[in-house]
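*Asks:* Each chain, letter by letter, is given below.
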Amino acid sequence: MRPDIEQALRLREELTTSVLEGFLRDEVRKVGFERVVFGLSGGIDSALSAYLATRALGREHVHAVLMPYRSSSPSSLADAMEVVRDLDIPHTVVEITGPVDAYFEQMDKLLGEQASPLRRGNRMARERMVTLYDLSAAMNALVVGTSNKTELLLGYGTQFGDMASALNPIGDLYKCQVRQLSAYVGVPQSILKKAPSADLWADQTDEKELGFTYDDADEILYQWVDLRLTPDEIIERGYDASLVRHIVQRVARNQYKRKPPIIAKLSGRTIGIDFRYLRDWGH
Amino acid sequence: MAFDIQRVAIAQMAPKLGDIGANLERHHEYIREASAQGAHLIVFPELGLTGYQTQDLTLEVARSAASPEIQSIVDMSKEIDVLFSFVEETDDHRFYVTALYASKGEVVHKHRKVYLPTYGMFDERRYFAPGDRFDVWKSSLGTLGVLICEDAWHLSAPYLLAMQKATLLLVPASSPWRNTMAAAEFGSHAFWRHLLQMYAQLLGVHIVFANRVGYEDGVHFYGGSGIVAPNGSWLVEAGTGESELIVAEIDRRLTRRTRYTTPLVRDERVHLVASQLQALLQRGDFGAPGH
Chain G
1 MRPDIEQALR LREELTTSVL EGFLRDEVRK VGFERVVFGL SGGIDSALSA YLATRALGRE
61 HVHAVLMPYR SSSPSSLADA MEVVRDLDIP HTVVEITGPV DAYFEQMDKL LGEQASPLRR
121 GNRMARERMV TLYDLSAAMN ALVVGTSNKT ELLLGYGTQF GDMASALNPI GDLYKCQVRQ
181 LSAYVGVPQS ILKKAPSADL WADQTDEKEL GFTYDDADEI LYQWVDLRLT PDEIIERGYD
241 ASLVRHIVQR VARNQYKRKP PIIAKLSGRT IGIDFRYLRD WGH
Chain A
284 MAFDIQRVAI AQMAPKLGDI GANLERHHEY IREASAQGAH LIVFPELGLT GYQTQDLTLE
344 VARSAASPEI QSIVDMSKEI DVLFSFVEET DDHRFYVTAL YASKGEVVHK HRKVYLPTYG
404 MFDERRYFAP GDRFDVWKSS LGTLGVLICE DAWHLSAPYL LAMQKATLLL VPASSPWRNT
464 MAAAEFGSHA FWRHLLQMYA QLLGVHIVFA NRVGYEDGVH FYGGSGIVAP NGSWLVEAGT
524 GESELIVAEI DRRLTRRTRY TTPLVRDERV HLVASQLQAL LQRGDFGAPG H
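Top line first, the protein sequences correspond to chains G and A. Heads up: the first sequence begins at 1 in the working numbering, then just goes up one per residue. Heads up: the second sequence begins at 284 in the working numbering, then just goes up one per residue.
A couple of the hints might just be wrong.
[Claimed, not checked] Computed list of chain A residues with no C-beta within reach of chain G, every gap over 12 Å:
id: 1; residue: Arg290
id: 2; residue: Lys299
id: 3; residue: Arg309
id: 4; residue: Glu312
id: 5; residue: Tyr398
id: 6; residue: Asp406
id: 7; residue: Ala412
id: 8; residue: Trp420
id: 9; residue: Thr426
id: 10; residue: Leu485
id: 11; residue: Ile529
id: 12; residue: Thr541
id: 13; residue: Phe569
id: 14; residue: Pro572
[Claimed, not checked] Simulated crosslink set (DSS-like; lysine-lysine; CA at most 30 Å straight-line):
id: 15; chain 1: G; residue 1: Lys208; chain 2: G; residue 2: Lys265
id: 16; chain 1: A; residue 1: Lys299; chain 2: G; residue 2: Lys259
id: 17; chain 1: A; residue 1: Lys448; chain 2: A; residue 2: Lys387
id: 18; chain 1: A; residue 1: Lys299; chain 2: G; residue 2: Lys30
id: 19; chain 1: A; residue 1: Lys299; chain 2: A; residue 2: Lys361
[Stated by the list, open to error] Residues on chain A that point at chain G, a partial pick, calculated with CB under 8 Å:
id: 20; residue: Leu300
id: 21; residue: Asp339
id: 22; residue: Thr401
id: 23; residue: Met464
id: 24; residue: His503
No wet-lab data here; the hints were simulated from the structure. Given the structure is predicted, the values throughout are model-derived calculations rather than measurements. Note that beta-carbon positions come from the ideal geometry of N, C-alpha and C, so glycine has one too.
All chains, please: the whole structure from these sequences, using the hints.
*Replies:* Pasting the structure below:
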């Protein structure tokens, strides 16, 4: 990353942490909740959410859910357990192999073909979402999101799966900022150092699958989204033209994942169009 | 000279969105507390009675200046002057972001926000009508003027108040964080601090900045309220993020010394400014009046 961009993206750690802790306390308690629940994958994003939630609400008000599938790397579970131990927070391990395999056993027969890795990955992400939302009701706890700004922009996530949550403290942090803040709040070294992976199949890494590094993505996204430079201006600055265009197209193509479903307008006042209230309305 | 020194309080609070009853109660409590602390004036944040992003709640939370809720605060100004803010509805059903100054049980001044930010994360002009003037009034604290949040981001607004002999500017605000990155010297907090210090020094005025705290749908209002003196120093500063009542003493003798030492307001060439602006207006550089 270029030094000037790296410097521009550098967070004021204490300030950022206090704003995010305040966000979690305020937006959870305002709607009548005391507790939160979140998936803990062993990766850096959910680890950061776990540390922030625990700092904000206290260990007795958070619950971590570890949801391995049979092909998940054992080191992922071990890293997630390291977070649980370090924070000394309550947790539940919920294997998702049973429901996911049962689903595809039936569906593969119905469709007469084996599901692609993409479909299997989406199903796992949504199985985890279903589990978290069930535990949300069981524990009277809001689901905390674990998607960062880079993956939300790139659409590198499953709609209604890992992208689903009630509130997300890290959704305005680029991946490099997630790393910075994670080191600041004390996320274990083993998590900070490993290559990011959705862990949907063996040896998968995000950067291999995306075809570019998170640093490259952050650098280009920051200049396009935050500084509002045009793709051509970014290319003029010496970035690879095909990479810039690829990333920009990817963000636009995935806008649908970041929006609630669109509604056909018929009446004079339509939800999502001219029925305008904050979500905080009424709380 | 007791008259020269006045105690001013700021209620840095987190309004509850759309809940006038709860916010009114908080206002009453802060007024009592400030009064008990011997303050002569208490200043509340912009839209302290309603919350900031009222959107379509505007229709529900709007009140006429004569409504019983507004009157209940005006009544409390018998003990202490109060500047507070709400969504005002006029008889012809326009909606304004309004600040009222009440003293001795009467409304002394009403300011309707002139500059309604409608860009980026802001959407005020969609819901509100803009005010059309900056006026001053007199109180025991001197000659006062008010700028509601974005009003203060337009150079001409504090200038117009100062030219009307204001020595104390009140700035109720609902200003959110917009940049927590280290290199962003001009995050909203730093920008406000520079701006207010500079105005205070250039115009020889005290400025009371009352910014709200709390969150609305993830948007964080940072507080950082305070009072800056004509020499650019901060007499008192609230923290960021928490509700609190802060109090400081304003000494008009400092205004006197500062204005003598650096007489920028005295030397201002109002006729020159007016004639040049008039010439530009006549050339048609600014389009129709009202813009």
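*Asks:* Each hint should be assessed against the structure and marked as holding or not.
*Replies:* Here's how the hints hold up against the structure:
For arginine 290/A, the requirement that its beta carbon stay farther than 12 Å from each beta carbon of chain G is met, with the minimum near 30 Å. A beta-carbon of chain G comes within 12 Å of the beta-carbon of lysine 299/A; the shortest separation is about 8 Å. Distance to chain G confirms arginine 309/A as a non-interface residue, since its nearest Cβ pair spans about 15 Å, more than 12 Å. With 12 Å as the threshold on Cβ separation, the claim that glutamate 312/A sits away from chain G holds: the shortest Cβ distance comes to roughly 20 Å.
For tyrosine 398/A, the requirement that its beta carbon stay farther than 12 Å from each beta carbon of chain G is met, with the minimum near 22 Å. Residue-level check failed: aspartate 406/A sits 9 Å from the nearest beta carbon of chain G, not beyond 12 Å. Listed as a non-interface residue, alanine 412/A keeps its Cβ farther than 12 Å from every Cβ of chain G; the least gap is roughly 17 Å. Every C-beta of chain G lies more than 12 Å from that of tryptophan 420/A, the closest at about 34 Å, which supports listing it as non-interface.
The Cβ of threonine 426/A sits about 37 Å from the closest Cβ of chain G, beyond the 12 Å cut-off, so the non-interface label holds. No beta-carbon of chain G is positioned within 12 Å of the beta-carbon of leucine 485/A; the least distance is around 29 Å. Interface exclusion of isoleucine 529/A from chain G stands, the closest Cβ pair being 19 Å apart, more than 12 Å. For threonine 541/A, the shortest C-beta to C-beta distance to chain G comes to about 33 Å, beyond the 12 Å cut-off, and the non-interface label holds.
No Cβ of chain G comes within 12 Å of the Cβ of phenylalanine 569/A; the nearest lies about 27 Å off, and the non-interface call holds. Every C-beta of chain G lies more than 12 Å from that of proline 572/A, the closest at about 31 Å, which supports listing it as non-interface. In summary, the hint linking lysine 208/G to lysine 265/G is not supported, as the alpha carbons are separated by about 42 Å, beyond the 30 Å threshold. Our distance criterion of 30 Å between C-alpha atoms is met by lysine 299/A and lysine 259/G, whose separation comes to about 27 Å.
Using a Cα cut-off of 30 Å, the hinted pair lysine 448/A and lysine 387/A holds, with the two alpha carbons roughly 23 Å apart. Between lysine 299/A and lysine 30/G the CA atoms are separated by roughly 9 Å; this keeps the pair inside 30 Å, and the hint holds. Distance check on the hinted pair: lysine 299/A and lysine 361/A sit about 26 Å apart at the alpha-carbon level, within 30 Å; holds. A least Cβ separation of about 5 Å between leucine 300/A and chain G falls short of the 8 Å threshold, and the interface hint therefore holds.
Interface hint status for aspartate 339/A: upheld, as the beta-carbon distance to the closest one in chain G is roughly 5 Å, under 8 Å. Using the Cβ-Cβ criterion of 8 Å, the hint placing threonine 401/A at the interface with chain G is not satisfied: the shortest such distance is roughly 14 Å. Interface restraint check for methionine 464/A: the shortest CB-CB distance to chain G comes to about 6 Å, inside 8 Å, so the restraint holds. The beta carbon of histidine 503/A comes within 5 Å of a beta carbon in chain G, closer than 8 Å, and the hint placing it at the interface holds.
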